[in-house]
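All chains, please: the whole structure from these sequences, using the hints.
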Amino acid sequence: MSTQTRDEGLYDYALREPRLPAPENRENDNIGIPIEARLEMYEMQQLLRQFEKRAYDMFLQNLVKGTSHLSLGQEAVATGFGRVMRPDDFTFATYRGHAHTLSRGADPGAVLAELLGRENGILKGKGGSMHLTSVEHGMMGSYAIIGAHLTIANGAAWSARMRGTDQVAVCFFGDGTTNIGAFHEALNLAAIWDLPVVFVCENNLWMEYTPIDLITAVANPAADRASAYGLEGIVVDGNDADAVYQVATQAIGRARRGEGPSLIEAQTYREQGHSRADPAKYRPPAEVQAWKERDPIPMYHERLLRLGVPEGDLSTIQQDVARRVDEATEFAKGGAVPGEQHLLTDVWADGGSAWRN
Amino acid sequence: MAELTYRNAVAYGIAQEMRRDPSLVMLGEDIAGAGGVFKTTVGLVDEFGPDRIRDTPISEQAILGAAMGAAMTGIPVIAEIMFSDFIAVCFDLLANEIAKSRYMTGGQVTIPIVVRTANGGGSRFGAQHSQSVENWVMMIPGLKVVAPSTPLDVVGLLAASIRDPDPVVFLEHKSLMADKQDVPDGEILDKLGAARVVREGTDCTIAALALMVPRALEAADRLEDQGISAEVIDVRTLVPLDTQTILGSVSKTSRLFTVEENPRLCGWGAEIASIVADEAFWDLDGPVVRITTPHIPLPAAEALEDMAIPSVDRITETVTKRMG
Ligand SMILES: Cc1ncc(C[n+]2csc(CCOP(=O)(O)OP(=O)(O)O)c2C)c(N)n1
Numbered sequence: 001m002s003t004q005t006r007d008e009g010l011y012d013y014a015l016r017e018p019r020l021p022a023p024e025n026r027e028n029d030n031i032g033i034p035i036e037a038r039l040e041m042y043e044m045q046q047l048l049r050q051f052e053k054r055a056y057d058m059f060l061q062n063l064v065k066g067t068s069h070l071s072l073g074q075e076a077v078a079t080g081f082g083r084v085m086r087p088d089d090f091t092f093a094t095y096r097g098h099a100h101t102l103s104r105g106a107d108p109g110a111v112l113a114e115l116l117g118r119e120n121g122i123l124k125g126k127g128g129s130m131h132l133t134s135v136e137h138g139m140m141g142s143y144a145i146i147g148a149h150l151t152i153a154n155g156a157a158w159s160a161r162m163r164g165t166d167q168v169a170v171c172f173f174g175d176g177t178t179n180i181g182a183f184h185e186a187l188n189l190a191a192i193w194d195l196p197v198v199f200v201c202e203n204n205l206w207m208e209y210t211p212i213d214l215i216t217a218v219a220n221p222a223a224d225r226a227s228a229y230g231l232e233g234i235v236v237d238g239n240d241a242d243a244v245y246q247v248a249t250q251a252i253g254r255a256r257r258g259e260g261p262s263l264i265e266a267q268t269y270r271e272q273g274h275s276r277a278d279p280a281k282y283r284p285p286a287e288v289q290a291w292k293e294r295d296p297i298p299m300y301h302e303r304l305l306r307l308g309v310p311e312g313d314l315s316t317i318q319q320d321v322a323r324r325v326d327e328a329t330e331f332a333k334g335g336a337v338p339g340e341q342h343l344l345t346d347v348w349a350d351g352g353s354a355w356r357n
Numbered sequence: 358m359a360e361l362t363y364r365n366a367v368a369y370g371i372a373q374e375m376r377r378d379p380s381l382v383m384l385g386e387d388i389a390g391a392g393g394v395f396k397t398t399v400g401l402v403d404e405f406g407p408d409r410i411r412d413t414p415i416s417e418q419a420i421l422g423a424a425m426g427a428a429m430t431g432i433p434v435i436a437e438i439m440f441s442d443f444i445a446v447c448f449d450l451l452a453n454e455i456a457k458s459r460y461m462t463g464g465q466v467t468i469p470i471v472v473r474t475a476n477g478g479g480s481r482f483g484a485q486h487s488q489s490v491e492n493w494v495m496m497i498p499g500l501k502v503v504a505p506s507t508p509l510d511v512v513g514l515l516a517a518s519i520r521d522p523d524p525v526v527f528l529e530h531k532s533l534m535a536d537k538q539d540v541p542d543g544e545i546l547d548k549l550g551a552a553r554v555v556r557e558g559t560d561c562t563i564a565a566l567a568l569m570v571p572r573a574l575e576a577a578d579r580l581e582d583q584g585i586s587a588e589v590i591d592v593r594t595l596v597p598l599d600t601q602t603i604l605g606s607v608s609k610t611s612r613l614f615t616v617e618e619n620p621r622l623c624g625w626g627a628e629i630a631s632i633v634a635d636e637a638f639w640d641l642d643g644p645v646v647r648i649t650t651p652h653i654p655l656p657a658a659e660a661l662e663d664m665a666i667p668s669v670d671r672i673t674e675t676v677t678k679r680m681g
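Just so you know, the protein sequences line up as chains A and B, in that order.
By my numbering, the letter at position 106 of the first sequence is numbered 106, and the numbering carries on one by one without gaps.
So the number in my numbering is just where the residue sits in the second sequence, counting from 1, plus 357.
Any given hint might turn out to be false.
Claimed, not checked - So these bits of chain A aren't anywhere near chain B, every CB distance computed over 12 Å:
#, residue
1, 11
2, 31
3, 57
4, 125
5, 142
6, 188
7, 318
Unchecked claim - Short, incomplete list of chain B residues facing chain A, as computed with Cβ under 8 Å:
#, residue
8, 425
9, 426
10, 430
11, 431
12, 445
13, 454
14, 462
15, 467
16, 483
17, 486
18, 496
19, 541
20, 545
21, 585
22, 601
23, 630
Hint data in this document are derived by calculation from the structure and do not stem from the laboratory.
The beta-carbon is built from N, C-alpha and C at its ideal position, and this holds for glycine as well.
Below is the structure:
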């Protein structure tokens, strides 16, 4: 961690001391997770990685319009939680939500088509990359104004209890989000109402272009705030899908049993820029390098080999995923540009947008 | 038949709907134990219990967020924001999330929420507890906006708002709370998007909302004495807006006045004036005139606040002068 203080006036952040990842914990090989589940998580991480790389390529080809925020390097978080969540649980994510949408089972073709602004997009082209939603998969939305969706996740959790179900809401957000008021309002309400909600901070060390430690009063932006709401401060290696799976199992289990909310800080790293073609030159090169060496996917690959999975099985998975991503690409590119008939629909529940008679 | 105050009509309407729909819940600050700071929710927690009538912390974002999350997963919610001025604190939830999510998701989510809030001046509370914020919410695509002027309309329009599958902002006027009216027995249900001609007239149309309706009616009485026959329309819901009733009236009277409590710029009357200018220009015999609060923060002193908000005197004088 950096030794520079907040007021040293160093604004070329690339010159700061790199914030290095904790070393991989090999003990996590022994977490009791069935090998089938691990292979599924390997496949999911491959899908998230290959999908977003494709989305990035298509952005550079000017096919993906607008903005997009990739989770390259952060895939283990969406994967671990996605594997533990039940189909009827609720996901709430941010504009950095491709991974959280795919990890709930949404169709990659429809997601990519949305990024392209096509009629066959998952939101008919009306929401775009920052608002991915798939209610049929429990993916209740991607929210692009920092903070709001933590409060909305509470509502879904509250509703689960009122409807007498044991559904759980899981809400993902970044480290920067811990400094907005809605975070604190949401945590307090979840705690006093004992809501079945799990808040997951993906601490990728950077807000947008500012190091999180420069602008946050505590070292662990989420975990160190937990005690203010009577919660345990939980930190997990967000680059290890098995470690994430383990804390997800505990937190979701607690929520499902009616034992209340959790706040988890998953330490990870955004391997690319904040959005679009941001080259992220503001980061210390040694930091980027060290985290790339802790990339979740090669690490998981090595773990599966250690656990006796043949290399051939893993390359088959990779190739299957590559085929799916190619199919998704074709589906997306083949979609029509949305017609005028879609412009004025879906404002009201009656399907229309009339505001006068 | 029972006589209700505007204040009691709120709880009456909520109770009617909570008895009808056992899934309906309400949350807000001081609404359960205290019965609301305006005493609009007295008795509800006794009948429906603290799980359905929930006191919250001072967390307006958490209130609207919880309402939205519950509504989009199958529970209709009434959320109270104590003073409409406080909407500014949770405007993101209202303007960006609640209003837009259905459209942004291609129609995947339905958000049956009513945001009830105490609106308007006359209480000498000053600029942060007296505003008429109907224009703040009216300008957001995806929100319906209702502002009743009578106890009966409170019950009927509240019921219609609760049953509406879309988000509704329901503005209860602080200075109408003590007004009384007989309401019929049995279920009361009105509909959104219907203005009401509350007084017929032939020389000019006065469109008013909430507290401005009784003032416009009193002004119309005085105008009658001066030989001017004014038709008064209670606009009742700003979104959806019943333009046909207004256009129909203007085609008869050929003059239009709006009486708005909101500060001047972008008040609801400006939209109506624009529609009338666009679609009924040839029906008009003179300019459309807007009578509004000046474009200032509301002052606290009794004398100053009374000067700011359109009064019966100002309405009468303006109409007389501009009709002359
Ligand atoms: C209320 C608000 N303020 C600012 C922004 C602009 N903004 C978009 S993403 C972002 C950084 C968020 O950082 P973090 O929460 O760490 O999430 P990450 O992008 O790292 O996933 C900012 C400031 C916003 N969308 N909403």
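Now the hints, each set against the structure:
Consistency note on residue 11/A: stated as away from chain B, and its beta-carbon is indeed over 12 Å from all of that chain's, at 29 Å minimum. Against chain B, the non-interface label of residue 31/A holds: every CB pair exceeds 12 Å, the least being about 32 Å. Every beta carbon of chain B lies more than 12 Å from that of residue 57/A, the smallest distance being close to 26 Å; the non-interface claim holds. At roughly 8 Å, the least C-beta separation between residue 125/A and chain B is not larger than 12 Å, which violates its mark as non-interface.
Not every CB of chain B lies more than 12 Å from the CB of residue 142/A, the least distance being 9 Å, so the non-interface label is violated. The claim that residue 188/A lies off the interface is violated: its Cβ sits roughly 6 Å from the closest Cβ of chain B, which falls inside the 12 Å cut-off. No beta-carbon of chain B is positioned within 12 Å of the beta-carbon of residue 318/A; the least distance is around 32 Å. With a least beta-carbon distance of about 5 Å to chain A, the hint placing residue 425/B at the interface is held under the 8 Å criterion.
The interface hint given for residue 426/B holds, since its Cβ lies 2 Å from the closest Cβ of chain A, which is under the 8 Å cut-off. A cut of 8 Å between beta carbons decides the hint on residue 430/B: the least distance to chain A is about 4 Å, and the hint holds. Here the hint on residue 431/B is kept, as its CB sits about 6 Å from the closest CB of chain A, short of 8 Å. Hint status for residue 445/B relative to chain A: violated, with the closest Cβ pair at about 13 Å, above 8 Å.
Interface hint at residue 454/B: satisfied, since its Cβ lies 5 Å from the closest Cβ of chain A, which is below the 8 Å cut-off. Here the hint on residue 462/B is kept, as its CB sits about 4 Å from the closest CB of chain A, short of 8 Å. Interface hint status for residue 467/B: upheld, as the beta-carbon distance to the closest one in chain A is roughly 5 Å, under 8 Å. With its C-beta approaching chain A no nearer than about 24 Å, residue 483/B sits outside the 8 Å limit, and its interface hint is violated.
Taking 8 Å as the C-beta cut-off, the interface hint given for residue 486/B is violated, the closest approach to chain A being about 21 Å. Given hint, residue 496/B at the interface with chain A, is violated; its Cβ is 11 Å from that chain's nearest Cβ, farther than 8 Å. Residue-level restraint check for residue 541/B is violated (minimum Cβ-Cβ distance to chain A is 27 Å; threshold 8 Å). With its C-beta approaching chain A no nearer than about 23 Å, residue 545/B sits outside the 8 Å limit, and its interface hint is violated.
Of the supplied interface hints, the one on residue 585/B is violated, with its beta-carbon coming no nearer than about 28 Å to a beta-carbon of chain A, more than 8 Å. A least Cβ separation of about 5 Å between residue 601/B and chain A falls short of the 8 Å threshold, and the interface hint therefore holds. The beta carbon of residue 630/B comes no nearer than 14 Å to any beta carbon in chain A, farther than 8 Å, and the hint placing it at the interface is violated.
Going through the hint list in order, the structure does not satisfy hints 4, 5, 6, 12, 16, 17, 18, 19, 20, 21, 23.
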